[in-house]
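Sequence order for the protein chains is A and B. First residue of the first sequence? That's 1 in my numbering, and the numbers climb one at a time after it. First residue of the second sequence? That's 1 in my numbering, and the numbers climb one at a time after it.
Please note that the accuracy of each hint is not assured.
Stated by the list, open to error - Below, computed lysine to aspartate or glutamate pairings styled on EDC-like, alpha-carbon distance capped at 16 Å: (1) 232/A with 206/A; (2) 194/A with 159/A; (3) 50/B with 118/B; (4) 336/A with 103/B; (5) 172/A with 61/A; (6) 194/A with 103/B; (7) 173/A with 132/B; (8) 172/A with 132/B; (9) 109/B with 206/A; (10) 60/B with 77/B; (11) 109/B with 186/A; (12) 109/B with 184/A; (13) 172/A with 135/A; (14) 173/A with 205/A; (15) 173/A with 151/A; (16) 183/A with 123/B; (17) 220/A with 205/A; (18) 183/A with 118/B; (19) 138/A with 206/A; (20) 132/A with 95/A.
Hints in this document: simulated from the structure, not taken from any laboratory. The model shown is predicted, which means the values in this text are computed figures rather than measured ones.
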Amino acid sequence: MKNYPIWKSFTVISLVLLGIIFAIPSIIYNENSENWFLKNKINLGLDLQGGSYLLLEVQLDVLYNEELENFSDSVRLISRDQAAKIEQIVIAENDVIVTFSDISKIKDIRDSFFQMYRGISLQINNNKLIIKLNDDYKKTIQDSAIKQSLEIVRKRIDESGTKEPLIQRSGKKRILLQLPGVKDPERIKDLLGKTAKLTFHIVDDENTSALNNNLAPFGKMIVLDIYDENIKYLLNKRAVVGGENLVDAKGSFDQTEGHAVSFRFDTEGAQKFGKVTTNNIGKRMAVVLDGVVITAPRISSAITGGSGIITGNFNAQEASDLAVLLRAGALPAPLKIVEERSVGAGLGADSIAAGQIAAIIGMVLVCIFMILIYGAFGALANISLIVNLFIIISLLGTIGATLTLPGIAGIVLTIGMAVDANVLIFERIKEESLKQTKVFQIVKNGFDRAMSTILDANITTLIASVLLFAFGSGPIRGFSITLSLGVIASMFTALMLTNFLVYMYLSFTNKKELKL
Amino acid sequence: MFGLNKIIPIDPNINFLGLRKNFLIFSILAVLISIGLLSIKGLNLGIDFKGGTLIEVSTKNTSIGELREILSSSYGDVSLQEFGNENIILIRLQNKSNQESIETVNSVKNLIQDKVIEFRRSEFVGPTISSELLFRGFQAVSFALIAILIYIWLRFEWQFGFGAVVALTHDVLFTLGLLSILNVEFSLATIAAILTIAGYSINDTVVIFDRVRENLRKYKKLELVDLFNLSVNNTLSRTIMTSLTTLLALVSLFIFGGEVIRPFALTMIIGVIIGTYSSVFIAVPTLLIFRFRPQEDED
C-alpha cells in the first residue's frame, strides 16, 4: 500500500459505508415504519405514489364587488336620511358611481360616508359621487381573505380524511395543495369548489308582482331554487342568522325526510332564530346555500331550542359532505381551481417499476461497456458507479427529498454521466503511461491532471441544475435534485473512491507496468 | 482486457478543423431551418404551456373509436391517442376560452365512467397558469445560459465563453428544430431536458477547452489550427466514451422508462448527440476567430 495514507483510506471506507447503510431504509421501503432509522427513507412524489396536486385561486373580484355593493347600500341609506334623491347607481369593476338629481346635498353625503368607511377614496364630479377602493384597502381584504381561506381549506381537507396533506399559500392570491393518496379527487374538488355560505331568510310570499316583474324592491332579493330554475323566491335581503352561528352539523337520516343535515346554533344564533321564528309563524323560512335556496319550509311553531335539520334531495354522501362544509365554515370568497394534477396509484406503481428497470438496464449496459473498454480499471469504475447510486439514494433519504418520475430520469441520466469523471482520469492515465513507466507516478499524475477538468465540467452541470431548481416547479425540481446529488456524488466517487480502488488494485497485483 | 480500447487510437490524428467549413455550413443551415420551423410550424406544446385538460384512462376493451363517439358530441375538438398499449388511452381537450374551468375534467369522467377501469391520470392547466409556466421556463433557460457564460468567462478567457455560448445556442435551437419536425410534445420536462443538454454540452466543451488552454501553454510555437486539432484529438476518446455511456443510459430510459418519460428521453438523446457534435465542430472552430497569439502576425 505504497503512498496511500491511512487517514485517507479510513475516510473513503467510512463514507462508502455510510452511503450504503443510509440507503437501506429507502431500499427496504417500509411505508409505515416508525423506527428512527427506517424512517429516513425517500419520500415518493405524488406522481409516483398517486395523489392530487391542486392550485386554487381566491376570487378576490367577488370580494371587492361585495364591498362595493355594501357601499351602494350605505349610500342609499344615507341619502334617504338626508332626503337626497339618487338618479342612478352604477357598480363598476373598481368603483361605485352614484348620480344625484341635484348637487346640494352631495358634500354632506360624502362627509357622512367618509366617517363610516376607512380606506376608500371619494371624489365628486358635478352631480356624481365616485367611491373607489384604495389599493391598501384591497390588500387588507386580500390578505385576510387568503388567511381565512387557508384555514377553512385546511379544515375541509382534514375533515375529508386525507392523510398528510400539504396546504400552503402560493404567491399573492393562490393556495397550493398536495394530497398524497387521494383516490377520488373529484370529491375533494367538490368540497373545495363550494363557498358554503349558509344563511336563513324570511320569504316574502305577499309581493307577487315583484317576482313576476323579476325586480326586487330595496331590501329584498330574488333567489332561485337549487333543483328547479323556474321556482323563484323573494327573500328579505337581511339574513335572520348565518352559518357563522353554527356550532355543529352532521349528516342524519329521518324516516320521512330521508337524508338530511342536522345542525345546532350557538347561544346568539339560537336567540335570534328563536325570536324570528316566534314572530313569523305561518311564513316560510328559506335556507340559502351559495346563492340558491335548498329548502323553504313553513314555520309552524317557534323554534327556540337552537337546533334543526335541513332537508333536500340529498343522498348519504351529499348530506355528510354538506355537514363537513358547514362545520368548516364558509369561504370568504369562491375558490377557483386553476391547475390540477392527479395521478392514480396504478400509474404511479407502473412508473416506479419502469424507472427501476430502466435504471438497472442502463447500469448493466454502462458497466459492460466500461469493462470492455478499460478492463480491470473499468471494473473498478463500476464499483464506484454502484456506490455512487447508493450515495444518491441515501442522500435523498436523509435530507428527506421527494423522488419524482423526472427524478428517476435524473438518476438514470446520472448513471450515464457519472462515469465521465472516471473516463477523464483513465484517459489521462493512458496518456501518462506513454510518457513514463513508474506505475504509481502514472496514476498520481493521471488523477492530478484530470482534477481541474472534472471540477470545471461538473460545476457547469451543477449551475444548470440549480437554476432548474430555482425556476422549476413540482416534479421538475425532483429532477434537478437527483441530478445535482448525482453530480456531487460522482465527483466524490471518482476522485476518492476510484483513486483508492486503483491504488489498492495496483498494490495487491503488484503490477510493474500499466497498459490501459 | 479485450483490447477494445484500441478501437480508438491513443493518439488519433484526425484533421477535424480541416472540415470546419463544411460543418459550419451544415450547422448554419440546420439552425436557420430550425428557426424557420419554430416560427412557422412551432412546437407541439403540451398542456403545461397551452393549457387544457388531459386524462389518461385504462379501459375495458373499449376502442378509441367508441370513446371518441361518446365524447365528440359534447367536445368537438377532443383528441384521443393510444398510450403505450391499446388498453390505455390518452384524452386531450383544449381550453375553449378563458372561462374554461376544472368542470371539464369532471364531466368527461362522468361521460366515460362505465367504460373505464381506472383513471390513471388527470391534469388540468388553466390559461393563466400555462402562460406563467411558459414564462418561467423561458426565464430558467435564459438565466442558465447567462450563468454558464459567466462561469466560463471567470474560469477561462472571454473568447472561450463566446465559443461556448455559440455552441450552446446552436444546440438549443437545433434540438428545438428537431423536436418541431418530430412533433415531440413540448412540456415542463422538455425544459428540464433542454437545460440538462445545455449543462452536458458545456461540460463537453469545457473538457476540450481545458485541453486547448493547456496546449496553448505547452506548445508555444504550434499553429493555432494544429493546436486546436491536437486538443480535439487528445480528448477524442473521452468525448466518445462519455457520450456513449450517457446515450446507453438514455436509450435504456427511452425503451424501458415508460410512456410518460419517453419524450424527455428522446429530447435528451437528440441533445446529447448534437451537444457532442457542436463541442468538436462548432465550439473549437469558433475560437479561430480570435487571435490568441498576437505575435503570430509578425511571423
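Okay, the hints, checked on the actual structure:
no.: 1; hint: 232/A with 206/A; verdict: holds (13 Å)
no.: 2; hint: 194/A with 159/A; verdict: holds (15 Å)
no.: 3; hint: 50/B with 118/B; verdict: violated (26 Å)
no.: 4; hint: 336/A with 103/B; verdict: holds (11 Å)
no.: 5; hint: 172/A with 61/A; verdict: holds (14 Å)
no.: 6; hint: 194/A with 103/B; verdict: holds (13 Å)
no.: 7; hint: 173/A with 132/B; verdict: holds (14 Å)
no.: 8; hint: 172/A with 132/B; verdict: holds (14 Å)
no.: 9; hint: 109/B with 206/A; verdict: violated (45 Å)
no.: 10; hint: 60/B with 77/B; verdict: violated (24 Å)
no.: 11; hint: 109/B with 186/A; verdict: holds (9 Å)
no.: 12; hint: 109/B with 184/A; verdict: holds (11 Å)
no.: 13; hint: 172/A with 135/A; verdict: holds (14 Å)
no.: 14; hint: 173/A with 205/A; verdict: violated (41 Å)
no.: 15; hint: 173/A with 151/A; verdict: holds (14 Å)
no.: 16; hint: 183/A with 123/B; verdict: holds (15 Å)
no.: 17; hint: 220/A with 205/A; verdict: holds (12 Å)
no.: 18; hint: 183/A with 118/B; verdict: holds (10 Å)
no.: 19; hint: 138/A with 206/A; verdict: violated (40 Å)
no.: 20; hint: 132/A with 95/A; verdict: holds (4 Å)
Against the hints set out earlier in the document, violations occur for numbers 3, 9, 10, 14 and 19.
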